[in-house]
Amino acid sequence: MSKWAYAFGATGLGLILWSTVVWATGVPHFILPSPWRVAQAGWDSSSLIGVNALVTATEVVTGLVVGAVLGVISAIQLANSDRLYRLVMPLLIFTQAVPVFALAPILTLWFGYGMASKVVMAVLIIYFPVTSAFYDGLTRVPRDIVDMARAMNGTRWQIMRRIKIPHALPSLGTGLKLAAVYAPIGAVIGEWVGASKGLGYLMLLANGRAKTDLMFASLITLAAMTICLYVLVDKVATRLRPD
Amino acid sequence: MTDAPALHVNGHHDMAGRQLFAPLDLTLPAGQWTCVLGRSGVGKSTLLRLIAGLTCAGDFNGQIEASDSAPLAGRISFMAQSDLLLPWLSVFENVVLGARLRGDTPDKDLAHDLLQRVGLAAFRDMKPAALSGGMRQRAALARTLMEDRPVALLDEPFSALDASTRADMQELSAQMLQGKTVLIVTHDPAEALRLGHQIVVLTAAGATLWPPLDTPPVRDQYAPETIADQAALLSHLRGAP
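Residue numbers (our numbering), protein chains in the order written: chain A, 1 to 243; chain B, 244 to 484.
Calculated from the structure, these hints are not laboratory results.
Everything numeric in this text was worked out from a predicted model, so none of it was measured.
For glycine and all other residues, C-beta sits at the position ideal for the given N, C-alpha and C.
Keep in mind that a hint or two might mislead.
Under 10 angstroms between C-beta atoms, here's a sample of chain A residues computed to sit facing chain B [as the list claims (entries may be wrong)]:
1. Leu54
2. Ala57
3. Tyr85
4. Leu87
5. Asp136
6. Pro142
7. Arg143
8. Ile159
Lysine-lysine pairs mimicking DSS-like chemistry, simulated, CA-CA at most 30 angstroms apart [said to hold, decoys possible]:
9. A:Lys235 to A:Lys211
10. B:Lys351 to A:Lys235
11. A:Lys177 to A:Lys3
12. A:Lys197 to A:Lys211
13. B:Lys351 to A:Lys177
Simulated restraints, written as ranges between beta carbons of each label pair [as the list claims (entries may be wrong)]:
14. A:Asn80 to B:Gln418: 34 to 42 angstroms
15. B:Asp246 to A:Asp82: 38 to 46 angstroms
16. B:Gln359 to A:Asn80: 37 to 45 angstroms
17. B:Asp463 to A:Thr238: 49 to 57 angstroms
18. B:Gln306 to A:Pro142: 24 to 32 angstroms
19. A:Arg83 to B:Ala372: 35 to 43 angstroms
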């Protein structure tokens with residue numbers, strides 16, 4: 001059976017379980033709507049969800065690209081200089097120790113209620129995993145290979161370009177896959193704190209008006225977007241494997 | 244290619260507060276093979292790395308000089324136990340790696356000629372994963388020769404190969420590295436006796452020379468005198484500290 005068949009099977013199983021809980025407990029639909037009711041709300045509000053999904057998708061993809069580029073550049077610089085690594089790494093770990101939720105209001109204050117603050121949130125949340133994963137790959141090239149390259153009088157940049165970076169591409173792929181899952185979290189947190197567009201904003205709005213079915217429809221759209229992004233990044237990551 | 248110089252190593256190496264090997268005074272004759280034998284951990288690979296100018300744990304106190312007094316940097320090629328072929332490059336790209344790492348334009352004709360000489364011309368566009376262990380080591384030899392350096396340092400280059408492939412590779416290497424000053428680290432007395440113009444036994448007490456047979460390398464490993472000398476050398480190694 002293909003992995004797609006397993007994915008559809010698991011989704012079907014989840015829907016059956018969800019329907020059974022709703023039917024068996026008789027829970028009110030504003031607490032937990034049935035899958036059917038959620039699908040109907042999604043269909044009825046498809047244009048509203050679509051417009052807001054596009055906003056969130058733009059924030060996520062922009063954040064992912066900017067965060068990945070910054071992460072790659074940082075990892076190369078850190079791998080090139082032990083001194084820089086010792087100086088910068090504690091700062092990076094400190095930034096990870098601060099919860100993103102705590103930063104969201106101040107970022108909104110600095111970057112406004114528009115797209116910029118959400119992109120910055122997404123960048124902040126993915127920068128570390130990409131940097132860390134790629135740095136690990138760059139510094140784990142077998143010593144014999146680096147020795148051979150040095151004995152060949154390879155320049156520092158050529159050794160980085162022709163040996164270390166290709167060797168570290170699978171690690172970068174792992175970091176990017178994590179980033180694909182984390183980036184939407186950053187964007188949605190930003191939308192919750194202050195926004196007038198996006199799926200996070202729509203979820204808050206629907207929740208406030210007890211439109212739980214619309215909230216679930218938005219949530220499922222966000223999850224579907226994240227899965228699509230993950231699959232796409234996974235395909236890119238597989239292509240990054242040099243052998 | 245410049246003429247191969249003799250190398251002179253004089254000094255001792257300390258690691259973690261103890262002497263890895265005692266003061267040694269060793270000359271690697273110009274254009275000849277010197278085989279270094281010794282127990283694991285006695286510092287054979289450290290000696291090789293020191294000559295190559297690579298970083299080593301511990302401190303070396305002494306001098307490593309070439310007979311022509313010119314610096315050794317840029318005149319050494321290096322071949323390790325594993326082939327160190329980069330899996331994402333083709334055989335040809337691996338052979339010309341040195342030039343690419345220096346930012347130079349590789350001599351493609353020379354690379355093709357070398358691949359032909361090691362019998363890999365038909366495999367030039369294949370990835371290393373598609374090659375057998377012996378073929379990979381031949382590709383590594385072509386890469387080493389492509390550097391065209393007068394000094395070659397070989398760290399147990401044939402130890403991972405099966406017996407017949409190892410014998411083939413020993414002959415091919417001896418033929419293709421002719422005229423270069425070669426230092427080969429090995430655990431195998433038979434290999435040392437087969438290839439070495441000079442055989443060095445490294446112990447914690449220093450380096451001693453084992454007299455090679457009168458015949459020139461590559462020697463017949465099944466000749467009675469080779470087998471007898473091999474037994475004597477093994478016995479000497481087992482008795483060494």
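Outcome of the hint check:
1. Leu54: violated (38 angstroms)
2. Ala57: At about 33 angstroms, which exceeds the 10 angstroms cut-off, the nearest Cβ of chain B leaves the hint on Ala57 (chain A) violated.
3. Tyr85: violated (17 angstroms)
4. Leu87: violated (22 angstroms)
5. Asp136: violated (18 angstroms)
6. Pro142: Hint holds; Pro142 (chain A) Cβ to chain B Cβ min 8 angstroms, cut 10 angstroms.
7. Arg143: With a minimum Cβ separation of about 9 angstroms from chain B (threshold 10 angstroms), the hint on Arg143 (chain A) holds.
8. Ile159: holds (6 angstroms)
9. A:Lys235 to A:Lys211: Violated: Lys235 (chain A) and Lys211 (chain A) sit about 37 angstroms apart, past 30 angstroms.
10. B:Lys351 to A:Lys235: violated (35 angstroms)
11. A:Lys177 to A:Lys3: Holds, because 18 angstroms separates the two Cα atoms, which is no more than 30 angstroms.
12. A:Lys197 to A:Lys211: holds (17 angstroms)
13. B:Lys351 to A:Lys177: violated (39 angstroms)
14. A:Asn80 to B:Gln418: 34 to 42 angstroms: With a Cβ separation near 41 angstroms, Asn80 (chain A) and Gln418 (chain B) satisfy 34 to 42 angstroms, so the hint holds.
15. B:Asp246 to A:Asp82: 38 to 46 angstroms: At roughly 39 angstroms between Cβ atoms, Asp82 (chain A) and Asp246 (chain B) fall inside 38 to 46 angstroms, so the hint holds.
16. B:Gln359 to A:Asn80: 37 to 45 angstroms: Taking Cβ atoms as reference, Gln359 (chain B) and Asn80 (chain A) lie about 39 angstroms apart, which means the hint holds.
17. B:Asp463 to A:Thr238: 49 to 57 angstroms: Taking Cβ atoms as reference, Asp463 (chain B) and Thr238 (chain A) lie about 52 angstroms apart, which means the hint holds.
18. B:Gln306 to A:Pro142: 24 to 32 angstroms: holds (30 angstroms)
19. A:Arg83 to B:Ala372: 35 to 43 angstroms: Given about 37 angstroms between the Cβ atoms, the range holds.
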